[in-house]
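Asker: These are the residues of each chain, in order.
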Amino acid sequence: MEDFEPKIITFACNWCSYAGADLAGTSRLKYPPNVKIIRVMCSGMVNPAWVLRAFRQGADGVVIAGCHPGDCHYTVGNYYAKKRYILLKELLKFVGFDDERFKLLWASASEGKLFAEEMTAFTEKIREMGRQEKLRRKIE
Amino acid sequence: MNAETLERIKEECRKLPAEISYIVGFVRKQSEPREVVAVLKPDEVDKLSFSPLSFNNPARTVMELAKDNKVAVIAKGCDARALKQLEKEEKIERENLYIIGISCPGVIDYRKFRNTVKFRLAEIDSVELIGDEVVVKAGGEEQRIPFSEVIFENCLYCEQPTPKDYDVLIGEPREGKVDFSDIEEFEKLSAEERWSYWMDVFSKCIRCHACRQVCPMCYCNECLVDPSNLAVSPMTPAEEKAAYPRVLGRTVNAADNLIYHIVRVMHHAGRCAGCGECERACPMELPLRKLERKLEKVVYEVFNYSPDEEIPFLSKLDILPEG
Chain G
1 MEDFEPKIIT
11 FACNWCSYAG
21 ADLAGTSRLK
31 YPPNVKIIRV
41 MCSGMVNPAW
51 VLRAFRQGAD
61 GVVIAGCHPG
71 DCHYTVGNYY
81 AKKRYILLKE
91 LLKFVGFDDE
101 RFKLLWASAS
111 EGKLFAEEMT
121 AFTEKIREMG
131 RQEKLRRKIE
Chain D
1 MNAETLERIK
11 EECRKLPAEI
21 SYIVGFVRKQ
31 SEPREVVAVL
41 KPDEVDKLSF
51 SPLSFNNPAR
61 TVMELAKDNK
71 VAVIAKGCDA
81 RALKQLEKEE
91 KIERENLYII
101 GISCPGVIDY
111 RKFRNTVKFR
121 LAEIDSVELI
131 GDEVVVKAGG
141 EEQRIPFSEV
151 IFENCLYCEQ
161 PTPKDYDVLI
171 GEPREGKVDF
181 SDIEEFEKLS
191 AEERWSYWMD
201 VFSKCIRCHA
211 CRQVCPMCYC
221 NECLVDPSNL
231 AVSPMTPAEE
241 KAAYPRVLGR
251 TVNAADNLIY
261 HIVRVMHHAG
271 RCAGCGECER
281 ACPMELPLRK
291 LERKLEKVVY
301 EVFNYSPDEE
311 IPFLSKLDIL
321 PEG
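These protein sequences, in sequence, are chains G and D.
Counting from 1, position 50 in the first sequence corresponds to residue 50 in the numbering used here; the numbering is continuous, with no gaps.
Counting from 1, position 18 in the second sequence corresponds to residue 18 in the numbering used here; the numbering is continuous, with no gaps.
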């Protein structure tokens, strides 16, 4: 457990957050390499089952990143994302899972700095929390 | 929920409008005192039966039938709620329905009933609810059981005992209540206690999908949790089959079962009729309603939404909390 490196899955929307992450890269801002980005067309298409599957496959944290409310390329996709996020987070809390490991982030294409900062902060938080053991697939 | 109720139901069924081609009601099972949902022709009214053991939800049957028939349905509060929800989701049309609403005092938990009743199930002639007592009659003998001993636990928290939307109503209207005291009680436990409770519960789950199968809201033709929705032919190689996308693991262990139940429940947000069919169908007797009711609580408290509203929860976007 000495050198624990958290694994963080980020579902980033194609139009805002992915471009934001890209901007962070092109403007040479550093954020931890623990963050693995999966590009999706809209944060509204992120199925709660994917989030749970990510935890099952050993992710220590999951972030859904999308456009700010009102800025969605598909008008309302991020509202759906937020609705699902609240429901899933409450359920995870209810069953006793550390719901802090699951995060929703609004980051626009121009907010490369914000994206890098938020990701660094989240990675540090997960690093303190330690490995996610509850849902991780174990060899049984 | 006594002989009088049944007489009223039969009476109403005899004077149905002429265009109605089927009655979806309850018919007593052979050799068991409980009723099951059955589809009858309007001239078979005499087969109908009704008792506190008519606990099943006819909404799924009605959904299949009411596509191109006019159907009369005998509905308790939760059944009418499920029908209303299906109507909101454009699965049935209200014009095709004739709802005989029943003001329901709650139904009996069959598992508790089987353990309490002293007669053999096949011998029981009638089960009636008179006042606060369940009166079981068998071969001239009689057993009186307090209703509170055998009531289905879910009915204690019933929000809608009387249908809101009906053509005829049988019985006096009852007031429902929004009560999440059991969930609040559970939330007081620490995260570790809750986790070990659910792990204990879901380690028993055998993932038979009965809860999904009976649920009036789970009507999708293709379900996310099914092993694979892609075509498999005898020529499909094993490697290809193994690489098919799937959301859930193949294993039946507590964590995978938990994921299955969370995904299942998530799909019922703001839609659940609260009939408790999932819990009744569960062969392992798991407390599935607890997870469902937690979600109902979130929908009530965070989104301030009631499932009885006209606009479906999914399409209502102005209910999100700030921030």
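Check before you lean on any hint, since a few could be wrong.
[As the list claims (entries may be wrong)] Label-pair restraints from in silico Cβ distances:
hint	chain 1	residue 1	chain 2	residue 2	range
1	D	ALA191	G	ARG127	18 to 24 Å
2	G	ASN47	D	THR251	36 to 42 Å
3	D	CYS223	G	VAL76	53 to 59 Å
4	G	GLU133	D	GLU153	40 to 46 Å
5	G	SER110	D	LYS177	49 to 55 Å
6	D	LEU314	G	MET41	16 to 22 Å
7	G	ASN47	D	VAL36	33 to 39 Å
8	D	LYS164	G	MET41	38 to 44 Å
Hints were generated in silico from the structure; no laboratory data involved.
Where is the CB? At the ideal position from N, CA and C, for every residue including glycine.
Asker: State, for the Cβ atoms of LEU314/D and MET41/G, whether the hinted interval 16 to 22 Å holds or is violated.
Answerer: Taking Cβ atoms as reference, LEU314/D and MET41/G lie about 19 Å apart, which means the hint holds.
Asker: In this structure, is the beta-carbon distance linking LYS164/D and MET41/G contained in 38 to 44 Å?
Answerer: For MET41/G against LYS164/D, whose Cβ atoms are near 40 Å apart, the range 38 to 44 Å holds.
Asker: Is the distance from the Cβ of ASN47/G to the Cβ of THR251/D consistent with 36 to 42 Å?
Answerer: The hint (36 to 42 Å, Cβ to Cβ) is violated, given that ASN47/G and THR251/D are roughly 20 Å apart.
Asker: Return holds or violated for the Cβ distance of ALA191/D and ARG127/G against the range 18 to 24 Å.
Answerer: holds, 20 Å
Asker: Could one say that the CB atoms of CYS223/D and VAL76/G fall in the range 53 to 59 Å?
Answerer: violated, 25 Å
Asker: Taking the Cβ atom of ASN47/G and the Cβ atom of VAL36/D, is their distance within the range 33 to 39 Å?
Answerer: Given a distance of about 36 Å, which is inside 33 to 39 Å, the answer is holds.
Asker: Just to be sure I understand the hint, the distance between the Cβ atoms of GLU133/G and GLU153/D should be within 40 to 46 Å; is that true here?
Answerer: The hinted range 40 to 46 Å is violated for GLU133/G and GLU153/D, with Cβ atoms some 33 Å apart.
Asker: Can you tell me whether the CB distance of SER110/G to LYS177/D sits inside 49 to 55 Å?
Answerer: About 50 Å separates the Cβ atoms of SER110/G and LYS177/D, which means 49 to 55 Å holds.
Violated hints for the displayed structure, listed by number in ascending order: 2, 3, 4.
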